[in-house]
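Student: Sequence:
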Amino acid sequence: MIGYGHGFEVVTHPMSYPYAMQEFPWDLLPELEERGAYIDSDAGIHVHVSRAGFASPVHVYRWMKFVYRNESHLTRLARRSCDEWAPFEPGARAGIVDFAKGNHQWGLGDGTSAPPHTPCGSV
Numbered sequence: 001m002i003g004y005g006h007g008f009e010v011v012t013h014p015m016s017y018p019y020a021m022q023e024f025p026w027d028l029l030p031e032l033e034e035r036g037a038y039i040d041s042d043a044g045i046h047v048h049v050s051r052a053g054f055a056s057p058v059h060v061y062r063w064m065k066f067v068y069r070n071e072s073h074l075t076r077l078a079r080r081s082c083d084e085w086a087p088f089e090p091g092a093r094a095g096i097v098d099f100a101k102g103n104h105q106w107g108l109g110d111g112t113s114a115p116p117h118t119p120c121g122s123v
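Take full-length UniProt numbering: the final residue in the sequence shown is number 123, and no numbers are missing along the way.
Derived by calculation from the structure, the hints in this document are not laboratory data.
Keep in mind it's a predicted model, so treat the numbers as computed, not measured.
Every clue listed holds true.
Here are the simulated distance ranges between beta carbons:
1) 81 <-> 49: 15 to 21 Å
2) 72 <-> 94: 17 to 23 Å
3) 89 <-> 47: 18 to 24 Å
Built from N, CA and C at the ideal position, the CB exists for glycine as well.
Sequences and hints are given; from them, build the entire structure.
Tutor: Right, here's the structure in full:
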């Protein structure tokens, strides 16, 4: 069975919308479905954003402000909330200045270790 807890994650390189529409292997999706892959209300989306895409610490800070000011929309898009990784909590929000300056290696955590790759609670 392929799916949440038993499946995989599709990872791509960064791409523009026109590039994705033209070059993404869309024919792969029906094949995956034929082999038992599915999505349901537990499957969401997450996006990794490289620091290379930001012009300065101020740019990173503005992005983080956007993220924290839109918690309900982002949680709905992701279809999850998570207290373990990328939490929307006052302590994490208070750390965005240090994060924008690059003072934390792993997001808004303590910067000492990589987070475990485990699913968080569904929304």
